[in-house]
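**Q** Single-letter residue listing:
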Amino acid sequence: MSTNTIDPNTWVDKYSDYLFNYTIVRVDDKEIAQDLVQETFFAGLKSMKNFKGEASERTWLISILKRKIIDYYRKINSNKGKAEVRMNYINDGESEGDWLEERVSDPFDKNAESDIENTELGTAIFECIDKLPEKQANIFKMKTIQGFDTETICNEYGITSSNLWVIIHRARTAMAECLEKNWF
Amino acid sequence: MLLVSLEEAKLICDKNQYGEASIAEILKLNIRLLYCKATRLYLKRNNELTRLIQKSNLHMMSPIDKTTLKHKLQQELELPK
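Top line first, the protein sequences correspond to chains A and B.
Following our numbering, the residues of the first sequence are numbered contiguously, the last one being 552.
Following our numbering, the residues of the second sequence are numbered contiguously, the last one being 82.
Some clues are possibly wrong.
[Unchecked claim] Result set (BS3-like, lysine-lysine): computed pairs, CA atoms no more than 30 Å apart in a straight line:
id, chain 1, residue 1, chain 2, residue 2
1, B, K29, A, K382
2, A, K503, B, K67
3, A, K549, B, K56
4, B, K73, A, K417
5, A, K436, B, K45
6, A, K434, B, K29
7, B, K29, A, K436
8, A, K382, B, K67
9, B, K67, B, K38
10, B, K56, A, K382
11, A, K434, B, K45
12, A, K382, B, K38
13, B, K73, A, K503
14, B, K71, A, K443
15, B, K73, B, K29
16, B, K29, A, K443
17, A, K549, A, K443
18, A, K549, B, K73
19, B, K38, A, K434
20, A, K436, A, K417
21, A, K549, A, K417
22, A, K509, A, K549
23, B, K38, A, K436
24, B, K71, A, K549
25, A, K414, B, K29
In case anyone wonders, no lab produced these hints; they're calculated from the structure.
The model shown is predicted, which means the values in this text are computed figures rather than measured ones.
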């Protein structure tokens, strides 16, 4: 049953941060990440008629973005793409198995594992932010992720600092509950 | 007055996560922490939330980039099909 609807006018507000964060940790370049998010939105517009509403709008956009990221790596033939070739090392005659042993003692591999975990954590955090009411989410992001000072946010939203801290308190409580359910 | 309610203590605790609690507020929070388990629990959860957010190294588009992207998307939407 198709229950999800599509509205491109809200894409930037609703999904740009999530998609941007998803992309930048994979391509490690702000400009490229922005381009890929833009291309994703444009591709989404072109294929809107194919949206069946079976998945959420965000899931659908992420699936487009994943293809864009893969295309990007194919184009640049990056080291990330070449890394898969290392798998052949294990079948290399006498040195068979050495590759696994090296991996176990390779400190950089632990970093890679930690990077993946942090990337997944980032995704989980954005998914929890998406569950907050829009104004609460925006204020939480400005204060916590972008590090804007209290006065700037209060001026932007026309609220007092007491209001701001109440909003932040509600957001943090909801975020902690959400992450306890979805991360721990 | 050095005693604060649980709700006030939670707000101070939140402000402190951003380094914006005053010395007087921190003192009040610390006094409450001595005898209130709920405040201690809230502090623990709050510290964990801050730790996770810092660890994840989140990135966001700047407001200017978002506005530019909105304009481009709007232009694309208005193009004759």
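**Q** Against each hint, give a clear statement of whether it holds in the structure.
**A** Structure-based check of each hint:
1. A C-alpha spacing of about 39 Å is found between K29(B) and K382(A), which places the hinted pair above 30 Å, so the restraint is violated.
2. Distance restraint check for K503(A) and K67(B): the Cα-Cα separation of roughly 17 Å lies within the 30 Å cut-off, and the hinted pair is therefore satisfied.
3. Restraint check: the Cα-Cα separation between K549(A) and K56(B) comes to about 18 Å, which is no more than 30 Å; the hinted pair holds.
4. Pair hint K73(B) plus K417(A) holds up; C-alpha atoms about 20 Å apart against a cutoff of 30 Å.
5. Only pairs whose Cα atoms come within 30 Å are accepted, and K436(A) paired with K45(B) is rejected, the gap being roughly 40 Å.
6. Between K434(A) and K29(B) the alpha-carbon distance is near 49 Å, which puts this suggested pair outside the 30 Å criterion.
7. The straight-line distance between the Cα atoms of K29(B) and K436(A) is roughly 52 Å, outside the 30 Å bound, and the hint therefore fails.
8. For the hint pairing K382(A) with K67(B), the CA-to-CA distance comes to about 11 Å; that is within 30 Å, so the pair holds.
9. For the given pair, K67(B) sits about 43 Å from K38(B) by alpha-carbon distance, which is inconsistent with the 30 Å threshold.
10. Straight-line distance between C-alpha atoms of K56(B) and K382(A) comes to about 23 Å, which keeps the hinted pair within the 30 Å bound.
11. Taking the CA atoms of K434(A) and K45(B), the gap is about 36 Å. The hint is violated against a cut of 30 Å.
12. A C-alpha spacing of about 38 Å is found between K382(A) and K38(B), which places the hinted pair above 30 Å, so the restraint is violated.
13. Straight-line distance between C-alpha atoms of K73(B) and K503(A) comes to about 24 Å, which keeps the hinted pair within the 30 Å bound.
14. Restraint check for K71(B) and K443(A): satisfied, since their Cα atoms lie roughly 27 Å apart, inside the 30 Å limit.
15. Only pairs whose Cα atoms come within 30 Å are accepted, and K73(B) paired with K29(B) is rejected, the gap being roughly 51 Å.
16. For the proposed pair K29(B) and K443(A), the alpha carbon gap of about 58 Å is over 30 Å, so the pair is violated.
17. As the CA atoms of K549(A) and K443(A) are separated by approximately 39 Å, the hinted pair breaks the 30 Å bound.
18. Under the criterion of a C-alpha separation no larger than 30 Å, the hint pairing K549(A) with K73(B) is inconsistent with the structure, at around 38 Å.
19. Using a Cα cut-off of 30 Å, the hinted pair K38(B) and K434(A) is violated, with the two alpha carbons roughly 46 Å apart.
20. Restraint check: the Cα-Cα separation between K436(A) and K417(A) comes to about 19 Å, which is no more than 30 Å; the hinted pair holds.
21. Simply put, K549(A) and K417(A) have alpha-carbon atoms about 35 Å apart, too far for the 30 Å limit, and the pair is violated.
22. Straight-line distance between C-alpha atoms of K509(A) and K549(A) comes to about 20 Å, which keeps the hinted pair within the 30 Å bound.
23. With a C-alpha separation of about 50 Å, the suggested pairing of K38(B) with K436(A) is violated against the 30 Å cut-off.
24. The hinted pair formed by K71(B) and K549(A) fails the criterion: a straight-line CA distance of about 33 Å is larger than 30 Å.
25. Using a Cα cut-off of 30 Å, the hinted pair K414(A) and K29(B) is violated, with the two alpha carbons roughly 58 Å apart.
Figure legend: structure checked against the earlier numbered hints; hints not met, in rising order: 1, 5, 6, 7, 9, 11, 12, 15, 16, 17, 18, 19, 21, 23, 24, 25.
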